[in-house]
Structures are given as C-alpha cells and as structure tokens.
Amino acid sequence: MKNIVLSAAAVFAMSSFAVAGGDIAPIQEPVVEVPEVVAPVTDAGFYLGLGYGVLSGDETYTYGGPLGGEVTVEQESRDFDQLLLMAGYQFNSYVTVEGRYWLGMNDLTDNFWYEGELVMTKNELDAWGIYVKPQYPVTPEFTVYALLGYATTTLDQTAQVNSAIGNPKFSTSTDLDGFSWGLGASYTFNESVSIFVDYVSLYDDTYDEYDYDALASSDFTIDTINVGVSYRF
0 MKNIVLSAAA VFAMSSFAVA GGDIAPIQEP VVEVPEVVAP VTDAGFYLGL
50 GYGVLSGDET YTYGGPLGGE VTVEQESRDF DQLLLMAGYQ FNSYVTVEGR
100 YWLGMNDLTD NFWYEGELVM TKNELDAWGI YVKPQYPVTP EFTVYALLGY
150 ATTTLDQTAQ VNSAIGNPKF STSTDLDGFS WGLGASYTFN ESVSIFVDYV
200 SLYDDTYDEY DYDALASSDF TIDTINVGVS YRF
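Each step along the sequence shown adds one to the number in numbering that gives the first Met the number 0, with nothing skipped, and position 215 is 214.
Everything labelled a hint here was simulated from the structure, so no lab data went into it. C-beta atoms are modelled at their ideal positions from N, C-alpha and C, and glycine is treated no differently. Any given hint could be a false lead.
[Said to hold, decoys possible] Label-pair ranges, simulated between beta-carbon atoms: (1) E32 <-> T151: 56 to 62 angstroms; (2) N189 <-> Y135: 18 to 24 angstroms; (3) L147 <-> L107: 28 to 34 angstroms.
Using the sequences plus the hints, can you model the full thing?
Structure below.
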C-alpha cells in the first residue's frame with residue numbers, strides 16, 4: 000500500500016512539472032540594430048567661376064618741367080570690360096584659396112596732338128591674381144568674404160605718330176604688380192551653384208621712369224568690380 004501511495008505521488012509530481020513547463024516562454028535571441036552609415040558633411044572641394052568685370056584705371060603723371068619745376072597731369076579714368084575666369088579650393092566654411100584672371104575684352108584708343116603732330120594710342124589691359132579668401136557664412140546661403148593676395152596688371156600701349164615724314168609706331172608693355180585686396184559677398188542656391196559680387200583693388204602705387212632724360216613718376220590706381228557665378232564640384 001505504501002508503494003502504491005509513493006507511485007501515485009510521483010506520477011502527480013511529474014504531471015505537475017509537465018503542466019508548469021508548458022508556461023515557460025522559449026528563449027529569444029536579442030535583435031542587434033546596425034546603425035546606418037551616414038557620409039560626413041564637408042565643405043571642402045574645388046570650384047570654377049565665370050564672371051564679368053569693369054576694370055578702372057586712374058593715372059597721375061608727374062614729370063620735370065622745362066624750367067626745372069614739376070608738371071602734374073591727371074589722366075581721365077579709363078574703364079575696360081573684362082572677362083573674369085577663376086578657380087579655387089575651399090578647405091572649410093571659413094578658408095579658401097583662389098586664383099583669378101581678368102581678360103580684356105575691349106581696347107581703348109586716345110588721339111592727341113603733340114608738337115603739331117597727331118598721336119594715336121591703343122591701350123590693352125589684362126590682370127591676374129592669387130588670393131587667400133577668408134569668409135564668414137552669415138546664413139547657410141549668404142556668405143561675406145575678403146580677398147588678400149598678390150596681383151599683376153599688364154598694360155600694353157601702342158602709339159602711332161602721323162607726321163609729314165612718316166608714321167612711326169611705338170609699343171610698350173608695363174607690368175604693375177603688388178599687394179591686392181578685395182571685399183565681396185556670395186549667395187548659394189544649392190550645393191553646387193553660387194553667385195557673387197565683389198570689389199578688388201589690383202594696384203595702388205607709384206613707379207618712376209625716365210622720360211626724355213627727366214625723371215617722371217606715375218601714380219596708378221587700378222581696381223575692378225565683378226559679378227559672376229561659380230560651380231563647386
């Protein structure tokens with residue numbers, strides 16, 4: 000009888016364990032989420048630009064007069080239409096290096112009388128410059144900037160004299176180089192296309208030369224106003 004009771008207890012215990020075991024949830028493996036790889040946002044990159052500029056040249060010419068004094072002649076300001084080509088590399092939102100070339104699209108002619116003879120002159124003007132371009136993004140679209148660097152302006156002049164003994168022709172080429180600076184602003188439409196407007200001082204200095212065995216001094220001021228578009232790669 001005792002054995003029967005123990006057997007019944009064992010059967011009851013086993014059946015109770017089986018019922019309880021039916022409530023145990025199966026083990027689930029944890030779900031591992033792989034983060035999405037996002038390309039870093041960078042402002043670095045190359046860009047090209049194309050624009051139109053009006054280059055103005057002012058000259059004050061001083062030379063020794065016939066009685067030993069000085070004669071100063073202030074030339075009328077001359078404006079040259081320019082095609083602006085530029086290329087640069089932007090390191091970040093605040094620093095860029097940029098090269099520019101101004102190609103003259105028109106020649107200016109002057110006619111004047113000298114000692115009873117007609118003198119006809121033609122003037123051509125080109126320039127180039129290399130700049131460090133510090134800039135500040137006022138908004139994501141609008142940026143102000145400065146240009147600090149070195150520029151060379153080449154003035155080619157041709158003069159022809161109409162005289163009774165012939166028509167002699169003379170040509171000279173003058174390079175005016177030195178410190179150059181500018182200020183401007185740009186507006187960005189998207190990641191690639193921007194428009195800009197700026198002012199650049201190409202040359203503002205004096206150089207000396209000998210004119211008919213007398214020391215002459217020319218004070219040149221050359222600057223340009225530009226508008227254009229740039230494309231960033």
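Confirm or reject the claim that L147 and L107 have a C-beta distance inside 28 to 34 angstroms. For L147 and L107 the Cβ distance comes to about 29 angstroms; the hint holds.
E32 paired with T151, Cβ distance criterion 56 to 62 angstroms: Hint holds: Cβ distance 60 angstroms, inside 56 to 62 angstroms.
Between N189 and Y135, is the Cβ distance one that fits in 18 to 24 angstroms? holds (20 angstroms)
Of the numbered hints given earlier, the model fails none.
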